Every structure is written in structure tokens, then in C-alpha cells.
Amino acid sequence: MHVRSLAFAFALVAVLVACGGKQAPELPAPQEAPASTAAAPPQGPNADSAAAAERERAERERREREAALAGAVGTDLKAMIHFDYDQSDVRADDAANLDRKAAILGANPAVRLRISGHADERGSDEYNLALGMRRAAAAKRYLENKGVEGARIEVISYGEERPLATGTDESSYANNRRDEFDVTAGGTNLVAPQ
Amino acid sequence: MQRALPLMLLAALGVAPLAAQDPPPPQGGVRLVLKYDPGARPSLVVTPGSGLDSARAILRRDLDFSDRFETVILPEASGELTGKAGAFNYDLYRKLGAAYAVELADVGGRTQVRLHDLAAGKVAAQVEATFPPVTDPDFRMQVHRTSDEVVRWITGTPGIASTRFAFVAGGRVYVVDADGVNLRALTPEGATSLSPTWSPDGSRIAYTRLQEGRGPILLQPVAGGAATPVPGTTTGLNITPSFSPDGKLLAYSSSTEQGTNIQVANVAQNCCVQRLTVGRFADNLSPTFAPDGGRLAFVSTRSGPAQVYTMGADGTDAELFVPFDFGVTGPTNGPEWSPEGTMLAFHREVQGNPQVYVMDVSGRRVRQLTSSGRNEDPTWAPDGRHVAFVSDRSGRRQLWVIDIDTGRTRQLVTPGAARLPAWSRRLK
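As given, the protein sequences belong to chains A and B, one line each in that order.
Residue 1 is where the first sequence starts when you use this note's numbering, and the numbers rise one by one after that.
Residue 1 is where the second sequence starts when you use this note's numbering, and the numbers rise one by one after that.
Simulated from the structure, these hints should not be mistaken for lab results.
Predicted, not measured: the structure shown is a model, and the values here were computed from it.
Some clues are possibly wrong.
Footprint (simulated), chain B over chain A, 3 or more residues, beta carbon under 8 Å [what the hints assert, rightly or not]:
(1) 97–103
(2) 116–129
(3) 148–157
Quick reminder that beta carbons are idealized off the backbone N, C-alpha and C, glycines included.
Kindly generate the complete structure, drawing on both the sequences and the hints.
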């Protein structure tokens, strides 16, 4: 019995760690630009080495700017939105967040999103799965109304199964009542909307 | 008629049964319902004897957990009570105040189980059983079946010892015997498994496995082996499965951006998905079949907060089931129809905490069973008078069992936090 409970406890801890400690999946780091532009071969046999170094430096700076921009765009794309207790309406203070996402999606037609809806632990466990789905669907509908093609967005709910905060206070609950946005395709070389 | 038997038995024994405290209105003839007061339950003793200690200990606990008897605890030095083989000492056991005595005796390798009616001074019933060796994995369940038979001898209704619970802990589905022994995990680590439910024959568990981007419902043989997906659940999020009483259909909810709706799939022929609710942007979930298979109860947000409705098994004729006051009554979830069909168990939020309720189906009167801490997700024992549920009253979520007739409550100890329990039928 003792051995079994220990094993059980370990299993439980492992799962809890896996769930509780789970971070939002990281956006794939912007990859190296394709070889053709990145390698930027010397322009001719007579190109002097100083000019080559200068071009290389300019190219590196351009890539760094791009990466920084993609990082900011990626951050905006991933920024969570939050909900009131047992509600699935998009809050007014999240409208700017979703408007920005819609613009980014417009400027990056290859990007596909997965929206996952989450609930705090207070409601019924199973009801919270349905509630999470409503929350994910609400964000998707908002983006669709802003012109984003629905087929680019999938929705899922994790109910109360993947809390970000494990406290039993209102601030933890408020953090957990959220939509997360994950880029499932086209997340490299994001460009900022005009 | 099954219920009338114990009344006659008790009357014959001169034990006056208490009047029913809250008799349901007659339906289809007179209905006798016994309500044992804890002080008036017939007393019972499991007699000591040589050998068979393991079986006797299991039997004693099973009979206690049936909540139908006052079990008499024997003093430490009770060797004198054993008596001589073949000469049962009725006088001695009557002096202990017992109405019944259960005797286990080894008769040439077989176990004879005898029920003694102490008032009448004779054997009321007996059966010969062959228990496997104590080390056999089936030993305990065999003894549990015998316990259930003893309960049937006395009350007319079998006990509930030969059953198991399924529940969720740390994202895995576990099964455990009704007495808390033989705990084992049924689903793999590293997944989020939810909402287990038993097939009526106890051979399979259906449950939701939450994965990246989807949630299929899987059928897992309890004896082991590969899980198979239920038709209609390989895409999207599918939750709250529940078998039809004949085990051929599985009702569940399919959750999409259009809403959460109840579907039925034929799991006997692995086909034929039929949608039962059409609630655009409303949630319909947690279906539970009436035992005749003709209707389902389910949760819906069609009028705002989650409440319990009922509909025909074809999805027609939907109506409110559990009464509520709009704007006053808290959200209501987790319905489960009792095995006899006369009651519905569910949980309802009261001042921020869920509490377990039962409703009598014919009169639609609700009764609150719990009040301390969070109490949720009730599931019926096959006897229709015990309900298991999740409670955090001990500090963390654990399974508890309440006898709704006497209010007697006990904790089923599980090593981790437990939730979403499902009680099996009696296991053959």
C-alpha cells in the first residue's frame, strides 16, 4: 500500500507539475532568413573586403530589426484576453488587443491561430469545458467580424484543467479566466501591419 | 414488490419498520418504501470462527457499508461464542441484541455462508461458495458478491459491495473497488483524462481525453487493452459521455464554436451519430439516461444559467426538469438519474459552493444532502439509496459516500485528490 501510494503521489506530482507549470507554448523563434538573401554573396570578383563587411553589417542589422519587430508582432498576436466570472463576452478593455490581432492577421496571411478558452476552478468541472469553448468562440467571432477568415482559426477549450495561477483568490481566478492564442502555422517572419 | 419483501420479513420478526418519512406519491399502484432510522436498523453480527479471517473481515465491512444494519462488534475474547460445530449458539447471540447472525464455515474446502434468524432460532438462508485463494485477484470481489447476497436475503435488495468507482486524479482515470481497495490507473500519464463513465456491464469506461486542439471520447476496456474512439468524437471537443441502460448507445456533448450540443452514437455497431439538441450559442451537456432509456436529463444554458432539463431519447419534447427560481437559484450541473428512475441527483451552487441535491422525479421536490464545503458530481450506487460525490470538507477533494435514507456519510480514501466519480453497476 505504501509503495503504491508513493508511486501514486509521484505520478500526481509529475502530472501537476506538467499541468500547473505549463507555460504558453513559445512562439517559434524567427528563423534565419532564406540562404539567398542571408548569404549575400560578394557582388563581383573585384568587390573590396571593406565594402563586403559593410554590406554584411547592414544585412545583419536589418535582420535584427526584423526579428525585433516580429517579436513585438508575435507578442501582440499571443497576448491573452480575459473574461468576467461565468461570462464569455469579449470585454471592452480587450477590444484593442483583438483589433491589433486582426490587423496582424491581415498583414500575415499565412498565420493560423489556435484559440484556447480557459476557466477558473469555481464552476463545475465539466461545465467549464463548455464555458471555455464559448470564450474561445467569442474571440474567434470577434476576429471574423474584423475580416479574418474563419478557416484560419481553430478553437479548443481546456476548461479549468490548465490554470496559470493556482491561488484561490480573485486575482488568481481572474488570471485563469482567459483565452490563449497560439500560432500554429506561418509564425516566422511576421510583418507589422501598415 | 421487491420492496415489500423486507417489510414482511421485518414484520414477521417483530421489528417495527418506521413509517416512510417522505413517501413519494403512489404511481402504478401502492409503493412501499422503507426508511430505516439509524436506531431501528436490524442488528447483525458476523460470528467469529476458525479460518476464513480475510473473507470474514471483508464481509463484516461490506455489511456495515450497506448501511442497512446495526453491526454488532464482538468483544476481543469472543472464543466462547464460537460454540461447537453444528450446534449454533442462538442464546448467546440473542443476548448480544442481534437479530441476525452471519456465519462463515469451511466445509471441505468450500465456504458455507449461513444467515441465522436469531429470533426464530433457525437458518434463514444459506449458500455454498468457493472462494478463490486469498492471493487471487478475484478473491475480494467474490466475497463482495456473497456480501451483496446476504443483504438481499435480509432486505430483498442486494448490497453494493461488488461494485467499483472510476474517478479522475491528476489527469488520469483510476478504478477502485467500492471498499477502497485495488486502486489502479486505467489511462496513461501525461494526458488530461476526464469524465469517466461505466458501461452498464462494467466492462468498459468511456472518458474524454483532452489533447492539443481536440478532445475525443475513448472507450477503454477495464480489463486492459487498447482504447478506441467513439464515432463522431475524433474531431472537436467531446465531453460528458453517458451510456444508455442497454449499453448500446453513448450520449455525449460535442462542443464547437457554434455551441455545445448533445449527440448519441451507437457504440454497439460503432456508427450512427445523431444530434439531439440544436442550441446555437447555448451549452447542452451532461446527458443522463432514464433507466428505461426513453428520456434523458441534461444541463442547458438555454435560459441563462445552467439548469437541468429533460427530453425524449430522440431529442424532442424538451422541458425544464429541476425547478429553479430565475435570478435566485444557482447554476445546476452534474445530473445523474437513479438506477430505479425515481430520483435525480445533481449539484447546485449555494452561496458560491456547489451542494449535492436529489429530486424525486414524480413530485419534482428537491432535497439538499450536503452543506459543508464544496460537494459536487454525485453518482448513484446500484441500490438507488447511496450516492458518491466529491467533497473538499477534509481539506482536499476526496470521494465521499452518503446513504440518503439515513444521512450516514463515509469517506473513500484515495491517495491523491479525486474528482468526477462514476459508480459502476454490480459487477458479475
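Checked hints:
1. 97–103: With 0 residues close enough to chain B, the hint is violated.
2. 116–129: It holds: at least three residues are needed, and the stretch 116–129 of chain A offers 7 whose Cβ sits within less than 8 Å of chain B.
3. 148–157: Result for this restraint: holds, n = 4.
Hint violations for this structure: number 1 only, all remaining hints satisfied.
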